[in-house]
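**Student:** So the chains spell out like this:
2 protein chains.
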Amino acid sequence: MTGPRYTPLVDGLPATVPFVGPEVQERAQGHPFRARIGANENVFGPSPKAIEAMRTADADIWMYADPTNFDLRNALATHNNIPTENIVVGEGIDGLLGYLVRMIVGARDGVVTSHGAYPTFNFHVAGFGGVLHTVPYNGDHEDPDALCAKAHKVDAKLVYISNPDNPMGTWHEGPVIAAMLDKLPEGCLLVLDEAYIEFAKPSAVAQIDVDDPRVIRMRTFSKAYGMAGARCGYAIGAAELITAFNKIRNHFGMNRSAQYAALAALHDQDWLDATVAKVHVARTKINEIAKANGLITLPSATNFVAMECGGDGDFARKVLTTLIADGIFVRMPFVAPQDRCIRVGCGTDADIDAFGQALPRALAKARG
Amino acid sequence: MTGPRYTPLVDGLPATVPFVGPEVQERAQGHPFRARIGANENVFGPSPKAIEAMRTADADIWMYADPTNFDLRNALATHNNIPTENIVVGEGIDGLLGYLVRMIVGARDGVVTSHGAYPTFNFHVAGFGGVLHTVPYNGDHEDPDALCAKAHKVDAKLVYISNPDNPMGTWHEGPVIAAMLDKLPEGCLLVLDEAYIEFAKPSAVAQIDVDDPRVIRMRTFSKAYGMAGARCGYAIGAAELITAFNKIRNHFGMNRSAQYAALAALHDQDWLDATVAKVHVARTKINEIAKANGLITLPSATNFVAMECGGDGDFARKVLTTLIADGIFVRMPFVAPQDRCIRVGCGTDADIDAFGQALPRALAKARG
Chain B
1 MTGPRYTPLV
11 DGLPATVPFV
21 GPEVQERAQG
31 HPFRARIGAN
41 ENVFGPSPKA
51 IEAMRTADAD
61 IWMYADPTNF
71 DLRNALATHN
81 NIPTENIVVG
91 EGIDGLLGYL
101 VRMIVGARDG
111 VVTSHGAYPT
121 FNFHVAGFGG
131 VLHTVPYNGD
141 HEDPDALCAK
151 AHKVDAKLVY
161 ISNPDNPMGT
171 WHEGPVIAAM
181 LDKLPEGCLL
191 VLDEAYIEFA
201 KPSAVAQIDV
211 DDPRVIRMRT
221 FSKAYGMAGA
231 RCGYAIGAAE
241 LITAFNKIRN
251 HFGMNRSAQY
261 AALAALHDQD
271 WLDATVAKVH
281 VARTKINEIA
291 KANGLITLPS
301 ATNFVAMECG
311 GDGDFARKVL
321 TTLIADGIFV
331 RMPFVAPQDR
341 CIRVGCGTDA
351 DIDAFGQALP
361 RALAKARG
Chain S
1001 MTGPRYTPLV
1011 DGLPATVPFV
1021 GPEVQERAQG
1031 HPFRARIGAN
1041 ENVFGPSPKA
1051 IEAMRTADAD
1061 IWMYADPTNF
1071 DLRNALATHN
1081 NIPTENIVVG
1091 EGIDGLLGYL
1101 VRMIVGARDG
1111 VVTSHGAYPT
1121 FNFHVAGFGG
1131 VLHTVPYNGD
1141 HEDPDALCAK
1151 AHKVDAKLVY
1161 ISNPDNPMGT
1171 WHEGPVIAAM
1181 LDKLPEGCLL
1191 VLDEAYIEFA
1201 KPSAVAQIDV
1211 DDPRVIRMRT
1221 FSKAYGMAGA
1231 RCGYAIGAAE
1241 LITAFNKIRN
1251 HFGMNRSAQY
1261 AALAALHDQD
1271 WLDATVAKVH
1281 VARTKINEIA
1291 KANGLITLPS
1301 ATNFVAMECG
1311 GDGDFARKVL
1321 TTLIADGIFV
1331 RMPFVAPQDR
1341 CIRVGCGTDA
1351 DIDAFGQALP
1361 RALAKARG
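Top line first, the protein sequences correspond to chains B and S. The first sequence: position 247 = 247 (the numbering used here), numbered continuously. The number in the numbering used here is simply the position in the second sequence, starting from 1, with 1000 added.
Read the hints as simulated data drawn from the structure, not as lab findings. Please read all numbers here as calculations on a predicted model, not as lab measurements. Where is the CB? At the ideal position from N, CA and C, for every residue including glycine. Please note that the accuracy of each hint is not assured.
[Said to hold, decoys possible] Derived SDA-like pairs: lysine to any residue, alpha-carbon spacing no greater than 25 Å straight-line:
#1 S:Lys-1285 x S:Thr-1322
#2 S:Lys-1153 x B:Pro-8
#3 B:Lys-153 x S:Arg-1005
#4 B:Lys-49 x S:Lys-1318
#5 B:Lys-183 x S:Thr-1002
[Unchecked claim] Which chain S residues face chain B? A few, computed with CB under 7 Å, are given here:
#6 Gly-1003
#7 His-1251
#8 Leu-1298
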């Protein structure tokens, strides 16, 4: 009896995980985290109207969701002032990135990203046989010119950039992003991950013609809208590209209650504004904690703050390990020199207080 | 400005949809269906405990779901009396089929299924460049011997069978399915879709060693558990195969509330038993309606009934069209001779009454 014959590509892949979930750590430790501020989740949660919509829809969970996402796409079109045909809804940005990479990246195709940028995108590229080329961050910012130059060099089919950036929280002004399009090689698609865009100033939003075939923008209800567990994201792009998703996407892949919740969340922009204000306050508190400990933070346009620990990556990893053991779930950048920082999420007052108490202990332990 | 360069495979795919959702038809008609009994959804819904679990979890939707599905996999292991390492949880059977096909089917690889069987499986096979070979149904049953013979002929990497069958509702006894394993060529994996297995008699459940590397079984919370809109399914297979899903699956793809709901649903087997009893009653009612109209139904081990309309496929399509226009959402098999039937779901009493009233009108119109 022999097992199945995997494709050569899949046979050669490692069984990796882009991120280890906090639940895994909690089980290993035998106790839950006191503060869950490591996955860029939005502790302030979605609009109560979204929760109410979800709970109402739960009673009808026996029905599949509308596979065309008709109502949600129309609402997103109105909200973004673009045609519906330029929007595809999917199972979070992770799901949409998977579909996109599958559509474009085949064996040995070149893809460019920043060294240390979003691992799940890299996971998809490897998973479809693409070759990942990276350029370093420049002063803790992703480097548009270097990304474009590398794209020319390797004839990239995709270039990934997130604006604002994860894991550093930094951002480029919209015109800098928009200018990338003319610097890319022909036939190269810019994957503009705007997961955190609602936290940024309006000037950080790139103004790009919705039918420009050189870019696809990814948005989500996971971050500012506070619905990471719902799995609902969307992409904006040229109609032809958007339609192509229908060739391969899991048409019945959306959770029905999540569809309704996203619709309700979109219609409560007051809640979104209040969330952004709360995040701003939380960032300020995190900055104050850093200052009180003699540490420096990076400016952030997201719901997290990259905090320098005052040493190199090994030092920051020690700080992180102690924080984790102390019940504070945080993460940190994977590569140097960004890994001199830990990434602290904008939690509740209680979360941040717990972090503020744990940090000096962790620093002391790492130092001594 | 040129657009992205799709892979040759995706470039050549049509933008198809395996199924058109009832919402699309409702919008086209300008009114909702009176009876939604066409998508094999379970109108009796999930356990109230599952709905309660979902509503409770909704408040925490700001958190990603546990990417390892730890609690749910353990509960499924206990429920099925197998090790946890033999279970993978995913975004419905549709999602899991997509992952499975991706792992095994490459360009021009052979895959075998029955002509007229599950279109979404075929969608995935085409989507990864496989070549689909089909064998006809035999007396409205899928034909295990013909499937195995064809698998030898084309050196298939996958063979698909659903037991009980969709769209006909027929089934094979467990030993017939189990016997297929010894008839398959080496290195061929049997994809045993058991979406409807909870509706079948215990004798229809194949007894197969959980570590047998020649088969993967697909189960779901969409049908008997009444949670189609939640998108939660699972697969049982050899540990090596199950682990391989981690190479490519969307680790953070599960809806968090759906995880909790599935757990609660699994723990309410009384509700499941009651649902199966209700479905049995509904099947009887549908059979009586057929009889009253001089029509024949096929025996069913599912929550739907294939009903012969008394003519050929064109006749049945006319009946279906009139039913749809009359507010009754039903579907029918795609290919002859199975398309002499329409597929009627086990609805509520009101659903079935509405169908019972509409059917004679639809038959009269089709005849005249």
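**Student:** Tell me the numbers of any earlier hints that the structure contravenes, in ascending order.
**Tutor:** 4, 8
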